[in-house]
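*Asks:* All chains should be modelled from the sequences, with the hints used to inform the complete structure.
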Amino acid sequence: MIPIAIIVIIWLIAVAVFLLFAGLSIMQMLKFGIKHPITKWSIIIFMIASTAIVVGTLLFLSQMNLQSGLDFQPIYESIFVI
Amino acid sequence: MIDISQLPGLLPNEKLVKVYRRHPLTLFGLYVGMLITFIIPVSVYLLIRGMNIEFFSSEAGLIVFILFISAFLLFALLFIFQQFLDYWLDIWILTTRRIINIEHTGLFTRVRSEVRLYRVQDVTSELHGFLSHVFNYGMVYAQTAGETLRFVFEDVPDPKEVAKIILQLCERDQRTHEQEITKDKEPAYYKQPIQ
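Protein chains in written order, with the working numbering: chain A, 1 to 82; chain B, 1001 to 1195.
Calculated directly from the structure, the hints in this document are not laboratory data. Heads up, a few of these hints could be off.
Derived CB-CB ranges, DEER-like [unchecked claim]:
id, chain 1, residue 1, chain 2, residue 2, range
1, B, Y1141, A, L12, 30 to 38 Å
2, A, N65, B, V1032, 44 to 52 Å
3, B, S1058, A, L20, 27 to 35 Å
DSS-like cross-link-like pairs, simulated, lysine-lysine; straight-line CA separation at most 27 Å [what the hints assert, rightly or not]:
id, chain 1, residue 1, chain 2, residue 2
4, A, K40, B, K1164
5, B, K1015, B, K1164
6, B, K1164, B, K1018
7, B, K1183, A, K40
8, A, K31, B, K1183
9, B, K1183, B, K1015
10, A, K31, B, K1160
11, B, K1160, B, K1015
12, B, K1015, A, K35
13, B, K1018, A, K35
14, B, K1160, B, K1018
Simulated coverage check for chain A against chain B, where a stretch passes if three residues somewhere in it have a Cβ under 8 Å from a Cβ of chain B [as the list claims (entries may be wrong)]:
id, region
15, 11–22
16, 26–39
17, 43–54
18, 59–71
Just so you know, even glycine gets a beta-carbon here, dropped at the ideal spot from N, CA and C.
*Replies:* As structure tokens, then:
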């Protein structure tokens, strides 16, 4: 039985790594991208889409019971036993 | 647009002619990637429902699934953005006096090279492949004197026209350069005002 909180922490680490690389990419775009509406809008769309995914997931998590645990027995049975 | 005064080593009477990028169709892999990014989560969800796995009907299983899909979408989005960044930041700037190529490879590698137009001796345009012919994009090679390396415009739209513009500008810059050299070679007393 794996606590769901651990899986949430792993997801948060993944989000932190994503934010690091996203920040670096945006910085590169702002620094070297020429003055053009596409430069600006590509950054805006990327930020909106990323924020929507992160916020959507957090909203979903806020409605769930994170105290529960993950049991691999049912998946094992459904795939291998049946 | 690019402010030419921001470019290093601005030459006298230098004006911006055009900024070239690869043809948008060269981003075809990116478009396919975007499509797959949206198809994968939906198809995985439908597959799981179809298999009727008990694991995913539990709350914990659903959380794991959503977190996995969320992380997948985030990194797919980052990959797509970086591919676009690579496309958008690779440019060829054609001015009345030189060609400047700025190439962005990876997140921290940026190569800037330039060639003076009077040094260009031969310009070749090349259309290679079916898509290249249909959508009229291809390579333009600018060969400089005494160098084996060629200056390459990769997959630019309308390569024939680009080559023509470069050749016209080269001829003009060669004349300007010759005039500049002649001026410099004049003896100093010629330059002094007559009293």
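*Asks:* Hint by hint, note whether the structure agrees.
*Replies:* Hint-by-hint comparison with the structure:
1. Between Y1141 of chain B and L12 of chain A the Cβ separation comes to about 50 Å, which falls outside the hinted range of 30 to 38 Å.
2. Separated by about 39 Å at the C-beta atoms, N65 of chain A and V1032 of chain B break the suggested range of 44 to 52 Å.
3. Separated by about 33 Å at the C-beta atoms, S1058 of chain B and L20 of chain A satisfy the suggested range of 27 to 35 Å.
4. Restraint check for K40 of chain A and K1164 of chain B: not satisfied, since their Cα atoms lie roughly 32 Å apart, outside the 27 Å limit.
5. As the CA atoms of K1015 of chain B and K1164 of chain B are separated by approximately 18 Å, the hinted pair is consistent with the 27 Å bound.
6. Restraint check for K1164 of chain B and K1018 of chain B: the C-alpha separation of about 13 Å stays at or below 27 Å, so the hint holds.
7. Simply put, K1183 of chain B and K40 of chain A have alpha-carbon atoms about 46 Å apart, too far for the 27 Å limit, and the pair is violated.
8. In summary, the hint linking K31 of chain A to K1183 of chain B is not supported, as the alpha carbons are separated by about 40 Å, beyond the 27 Å threshold.
9. Taking the CA atoms of K1183 of chain B and K1015 of chain B, the gap is about 22 Å. The hint holds against a cut of 27 Å.
10. In summary, the hint linking K31 of chain A to K1160 of chain B is not supported, as the alpha carbons are separated by about 32 Å, beyond the 27 Å threshold.
11. The hinted pair formed by K1160 of chain B and K1015 of chain B meets the criterion: a straight-line CA distance of about 22 Å does not exceed 27 Å.
12. Between the alpha carbons of K1015 of chain B and K35 of chain A the distance comes to roughly 17 Å, so the proposed pair stays at or under 27 Å and holds.
13. This hinted pair checks out: K1018 of chain B and K35 of chain A have alpha carbons roughly 14 Å apart, not beyond 27 Å.
14. With a CA separation close to 15 Å, the supplied pair K1160 of chain B and K1018 of chain B stays within the 27 Å bound.
15. Figure legend: the region 11–22 of chain A, annotated as covered by chain B; annotation consistent (6 residues with Cβ-Cβ distances under 8 Å, at least 3 required).
16. Counting residues of the region 26–39 of chain A whose CB falls under 8 Å from any CB of chain B gives 9; the rule of at least 3 is met.
17. Note: the region 43–54 of chain A has 5 residues with beta-carbon separation from chain B under 8 Å; the three-residue rule is met and the coverage holds.
18. Here the region 59–71 of chain A counts 9 residues with a CB under 8 Å from a CB of chain B, which clears the bar of 3, and the coverage holds.
When each numbered hint is compared with the structure, violations occur for hints 1, 2, 4, 7, 8, 10.
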